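Residue numbers (full-length UniProt numbering), protein chains in the order written: chain A, 1 to 471; chain B, 1 to 471; chain C, 1 to 471; chain D, 1 to 471.
Calculated directly from the structure, the hints in this document are not laboratory data. Fair warning: there could be bad hints in the mix.
It does not matter which identical chain is meant; a pair holds if it fits inside one copy or across any two.
[Claimed, not checked] With a cut-off of at most 30 Å between alpha-carbon atoms, the simulated BS3-like pairs for lysine-lysine come out as follows:
{"#": "1", "residue 1": "Lys52", "residue 2": "Lys321"}
{"#": "2", "residue 1": "Lys353", "residue 2": "Lys442"}
{"#": "3", "residue 1": "Lys198", "residue 2": "Lys245"}
{"#": "4", "residue 1": "Lys198", "residue 2": "Lys247"}
{"#": "5", "residue 1": "Lys321", "residue 2": "Lys376"}
{"#": "6", "residue 1": "Lys166", "residue 2": "Lys55"}
{"#": "7", "residue 1": "Lys321", "residue 2": "Lys267"}
{"#": "8", "residue 1": "Lys442", "residue 2": "Lys245"}
{"#": "9", "residue 1": "Lys342", "residue 2": "Lys321"}
This structure is a prediction, so every number in the text was calculated from the model and none was measured.
In case you want the letters, here they are:
Protein chains: 4
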Amino acid sequence: MTDFLELDKLKEECGVIGVYAPGVENISQMLCFGLIALQHRGQESAGIAVLKDRKMQYYKEMGLVQEVFSSEILDRLPADIGIGHVRYSTTGESYVSNAQPLVVRYKGGSIALAHNGNLVNAGEIRDRLEDEGSIFQTSIDSEVIANLIAKNYHLGMREAVIEAVKEIRGSFALVVIIDNMLVGVRDPHGLRPLSLAKMDNGYVLASETCAHDVVGAEFIRDIEPGEIVVIDENGIESIMYDETKRKAVCCFEYVYFARPDSIIDGKNVFITRKKAGKILAQESPVEADMVIAVPDSGIAAAIGYAEESGIPFDIGLIKNKYMGRTFIQPDQKSRELAVRLKLNTMRENIEGKRLILIDDSIVRGTTSRRLVNMLKEAGATEVHIRVSSPPVSHSCYFGIDTPNRAQLIGATHTIEQIREMTEADSLAYLSVEGLVESIGMKKNELCTACFNGDYPMDVPKEGDKNMFEKC
Amino acid sequence: MTDFLELDKLKEECGVIGVYAPGVENISQMLCFGLIALQHRGQESAGIAVLKDRKMQYYKEMGLVQEVFSSEILDRLPADIGIGHVRYSTTGESYVSNAQPLVVRYKGGSIALAHNGNLVNAGEIRDRLEDEGSIFQTSIDSEVIANLIAKNYHLGMREAVIEAVKEIRGSFALVVIIDNMLVGVRDPHGLRPLSLAKMDNGYVLASETCAHDVVGAEFIRDIEPGEIVVIDENGIESIMYDETKRKAVCCFEYVYFARPDSIIDGKNVFITRKKAGKILAQESPVEADMVIAVPDSGIAAAIGYAEESGIPFDIGLIKNKYMGRTFIQPDQKSRELAVRLKLNTMRENIEGKRLILIDDSIVRGTTSRRLVNMLKEAGATEVHIRVSSPPVSHSCYFGIDTPNRAQLIGATHTIEQIREMTEADSLAYLSVEGLVESIGMKKNELCTACFNGDYPMDVPKEGDKNMFEKC
Amino acid sequence: MTDFLELDKLKEECGVIGVYAPGVENISQMLCFGLIALQHRGQESAGIAVLKDRKMQYYKEMGLVQEVFSSEILDRLPADIGIGHVRYSTTGESYVSNAQPLVVRYKGGSIALAHNGNLVNAGEIRDRLEDEGSIFQTSIDSEVIANLIAKNYHLGMREAVIEAVKEIRGSFALVVIIDNMLVGVRDPHGLRPLSLAKMDNGYVLASETCAHDVVGAEFIRDIEPGEIVVIDENGIESIMYDETKRKAVCCFEYVYFARPDSIIDGKNVFITRKKAGKILAQESPVEADMVIAVPDSGIAAAIGYAEESGIPFDIGLIKNKYMGRTFIQPDQKSRELAVRLKLNTMRENIEGKRLILIDDSIVRGTTSRRLVNMLKEAGATEVHIRVSSPPVSHSCYFGIDTPNRAQLIGATHTIEQIREMTEADSLAYLSVEGLVESIGMKKNELCTACFNGDYPMDVPKEGDKNMFEKC
Amino acid sequence: MTDFLELDKLKEECGVIGVYAPGVENISQMLCFGLIALQHRGQESAGIAVLKDRKMQYYKEMGLVQEVFSSEILDRLPADIGIGHVRYSTTGESYVSNAQPLVVRYKGGSIALAHNGNLVNAGEIRDRLEDEGSIFQTSIDSEVIANLIAKNYHLGMREAVIEAVKEIRGSFALVVIIDNMLVGVRDPHGLRPLSLAKMDNGYVLASETCAHDVVGAEFIRDIEPGEIVVIDENGIESIMYDETKRKAVCCFEYVYFARPDSIIDGKNVFITRKKAGKILAQESPVEADMVIAVPDSGIAAAIGYAEESGIPFDIGLIKNKYMGRTFIQPDQKSRELAVRLKLNTMRENIEGKRLILIDDSIVRGTTSRRLVNMLKEAGATEVHIRVSSPPVSHSCYFGIDTPNRAQLIGATHTIEQIREMTEADSLAYLSVEGLVESIGMKKNELCTACFNGDYPMDVPKEGDKNMFEKC
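Please model the entire structure based on the sequences and the hints provided.
Structure representation (structure tokens):
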């Protein structure tokens, strides 16, 4: 079944983790636990690469972390240092060769590399490398980065990494095993998150702090935009390789991508979402009997909206937790029924009620109409949609799979038109200012490009989308 | 990983569905959709049996519905009438031969039978049948019932079914295909639920109304305790085969088993749970800053408690939806970490707060202590446990997998002792009267035996547990 | 790809094995090894049942022995006594419930039963049992036998087995675990083979002696027609339960079914096949340059024919050993090519040669024409077919899957017509007398019914084929 | 079970196929059929790469061809041009990334490359490329070759291929898709075979002619040592890129590797094996009653030996065709039994006979002793081993997995010592001259290095084995 709920969401990007802990057992298992905590960032493939006594091994496969790995496989992957990756693919063709980490051999040994983000100049660099006779075996940015590092090997590996990351533009949170070191890199804008934690006898790098929690590591700090951290037997060294760019943390991590229990750049995601709900209640109040959420992503904002408005939070829609991703292909008629496999209304609880329905975002709008209809059919007298982020009106070039602008309802319709389409009684979005306030940073420390086109760097023209797989 | 959350819950029983709709396409698919909606009632095996032009076929296998069935398999199972079953097994040995529906050949053709419940006299009847030379190939009650029906075939099949169900004692909701009829039976006490719905050109029987919703059928009524319904080309016939027993609907369907969007014997499950939360707030108030739930089953009661107490409902614990049932066997140390794979605290949201933690039930108590510790570690200043059902103190003989009384904390400890074990600041259970009130039936229409030992019929002595597989 | 080679062969029946060796380790593994040796008798499903300390367990599944079993599964099946079965199904519907051994519970405990053969009165008996209210869950004869045993349990199990086998008619080689005994039974005609061997601290029963070899057991003797052997802690007891019938050993075991290294009723299969080739050379000589075989089943007779005729044996056709049973469905054109995936000509070796092509049997004749054409295309100047058995002209009712008489080329065509169809330069079959002589028994000790209609007992009329699955 | 028969054989190398036939349907299926015919050359992984309308796609996976491919997968791979590969890996670590064909992107588009053979200067070239900053993602020679081609892209792709193959040393039969062309290359010594065939509207290149047969293509000629063939819309162009080296066709293709129905460099493999048997009979006659073969590879020579000696060919050992490659790990005792799962003696046929046992080669010698013992135990009075190739005494560097010299019995023992070890009554090998004569080429057109150390080019010193995976 097409997952109609997820159809209307921007797609998750990738997640990365790295562990440096020579002498500690079970590092491969920790990587797996961390990847399970990051699974929401990518469900297509999973992989880990480990270095033990300078020998590199890896395992990666299509599927969820728990489908890909078993105790038996982990036992064959002893580690001093390890990195892991979960991936969401933007294309139908999903070659396992595009799974990460990418492990390559270069002059000085092996490099393993895992990348979350999207380079805007990968094509350019690749062209240049191909001019010199390089070949490419994958369609992922990471291969370009690995080539750049290898080209500079004569500078020593620390310098080689620095030179490489200076050449690339776009969004990136990288974890790299090279030369007995674990290296973490965050792009100069800090578009993608990366944070550092301390564990007994070691360190952990991860896209989100929820991954630190499951390995029992204690959060230290976020990696700074433009920072490289090198972790080896001498401890942690920090190198600021580019401090010329403005900070531009991705808003959508707070809106939808990140887990609510994660802290990104000092802000707890759940708290920002609840705050967004409160501000939304201030900006767009409406008289009603009950605040309900589109599960699960709308819950935090709904609680905030309820708290601010004084209208009680309650349950109007329930999700079937046994509804997997793939299934029997239903014909048109059963498709209509099948949506109820995923989501059902709490009829008796909402009958005769005026509802405020909180969603975190609307991309295409088709789902919203279905939900409004289901709720009314179940007896709701009014349904007022409140969206806890602004309309998405511009494509992302930094690692998020946005449809073409032509398919973004926020780019092509007025809010009143959208309301009509959804058949809601009223509809309102959070303002950009409200979103910024909810996160608690300055506006120019955030990337709000998908809402207002204010990109932190030059981006390709529409139609000229980068040929590389994003991640 | 041992699933520590589910360890502390009574186990789900089975779920059944039946569809009578000659001429309608996709009946097999409907059965599957219905079973997915009932998946929470049994995740071990799934199966369907179908009759088309008087030819019976079936398919059943270990696994979740979506693992067992594919479009290809369903295409090979055209149907006029069909039944389906999902099963939870109480034993480690799970032969596929114990999966249901059971399909047998008898004098007059084929019978297919799916059963939710547990017979207390199955052993007795089997002994008698074996005395006459019968053999048994499974360890499920259903085989005993099929034998009883076949023994009476000479009376005609309607009468044979009536005679058979008069002989069995215990809990049962049955759906049966026999002689071109779909038959539904509910035990004289109505211990297990079964409801009837109407669809275009046909009828649906299901354990819960949520299964009607996904096939687009409209709820008509519950099958009565002691009622047989026979659905065939002449429509529906109702036969009251035993009206001598008191009604004794299972309380635990409302407390934990059933889906919140289902209606059982006229009562919506979510509403009863919310009501239970409200009464709990009246019975056992406590001063606090926030009401949180053990996800997902405590949410409804938590909302009710919050509403009644005026203390805001909020999120303190979050579940990882990608945490599957089986995984890497962790060693002792990683086990401690691994619990966080399943559940994490919303640290920033609860820091410095006094919490009321709502759980629907406590069986062993070990989980409660872990949760209290996790919450305190995350900064909660107080944790008050409120349980939205009474202490479970007696074994169930009617289809629920209760541990021995010795393992039931409610049978062996005082409430103060339990509070000490859980390290909570206070702990209170809902009273039996409160539970009864929340459901909205009379006390003597409900089975409250697991709370007070008041069994609606004679049951085997402790230690003398029926050797048959429950379901 | 349709396997064009096997299309023209009668289908293998089933194979059984039993081991009695309390105290010996690895009995489950031995059963598996034995079943691999018997795999040629059935490739559809495989299973074993074991008794240890009076506890019965079993495992059976669709697939080859090595697909069904693993070390892990065998480790869970400790045994004092065990039986095993491989099955070939004559129908497309292959429910795993029809796999054997059949394990049932009866008054006195458990019975496990594995059966090779086909009962001609199973329907009749089943009707009678159903009249008494029995139900049936499979479509295999074995279930009828188990019921008969259970009906007589009050006589004691030895007597119950005797009474049961006296009631059934047809072909059967049975191995049964009952009441801590291993029981072997052969039908009164001895249609299907069963032999006994001695191992350290135990005994083995098997369809063919090649299974004894792989478990290191030493052949003692064949079970006699009409004999029951009971093996228990007191040793072996032999019971002659029916000595009124003539011996009628199945000829086709020697012609095609059995492995060449097996000894059946005192005759080594390879030796009888070589002898058949020699007699065929005497009966139907022809001038030629080379004797070649249809691999692999024609090789023994070809060596005999070569030896007798003085014309050298050589290789003209070679089989691809990596050609599995299922594959890509080719369109018409690639089907023609695909036959060469299975079999290719040894062009340079046969160019310009006059060939004698030895096949063990011809059922439909289509394959023979293809082979003649392939050989001529490869340069053979003449191809003379010699078949080392007589034309198959009658259906089998004793466990062999023969097509309807209308599809048996030997029933509908003269030998000259068959020669024309195959486009061979000449064609001759072995005579029935020649076949009998090659086996070395008296004609009235063999069942030659498929060649001449001389059935050893009354059989159903054509069109009235027994509804039970054969085996 | 350790496969004791194959333990004593040199391991097969890889097999390649290429098809150029724009407009023809089912090219992917043809590639699969061809790979099945070549499956004996590698059972570890299989893959194909196809070009359709200049778009390259590929699919490769661990496993046999029929395990890797399905109709569904082939349907997704439409082709104008395609190549395929089956692989045998010499190491335990078998990353799918080492499976072939290798598909890479270079300046001008995509290259797909499949390689049979082993480069002796791959390490050297890779070092040089790494000095320039290249990275490597696999451990297969093919990646080196692809890099060399890409480095020369500015010369145009025909020239780039020529330049690349001029740099590599060792054995190679290559098929390459590049720039809408199918290119075939054979190394200057012709160590590994490659042949060309014509089909309707297209051409086929394959390691062995048996692959031509299954796709219905007609053999044209072998590719010459030092030849490149370029097949495109203009037809076939032949380029002799190196005519300075002596021809050195691998003897072992005739002795063991190739299928008997293949023709390699003008010689039919079966005919050369039969001839080897005849010469062996002349060189090493012995008085006996019967000539038998170690199945299947000794059969051709046994037939030749029988024909020359006048002693009849017969069957003494029979192979179980259902014995797969992997199985239950037997303990020591069952290991002894388990050998009989693979091979059994034809006791009655050999009892009291003096046997000549023909094997194609002996590597370690352990198997020979077991066979001699089995045969004597079955009643053979004498067993005389005759080996239809000379003792293997030197390692191969050209694509065959020979053990270290220390493990080659032919390098460390005299023939009399080997006889003693095998417990045979006599033992003789074919002479190098006899082998050369049986093949029918001049000695200096063959590589006989594994028998006499006469390598056609400089090879690494012992212990300095190339780090790349062979193939």
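What are the numbers of the hints that this structure violates, sorted from low to high? Of the numbered hints, just 1 does not hold.
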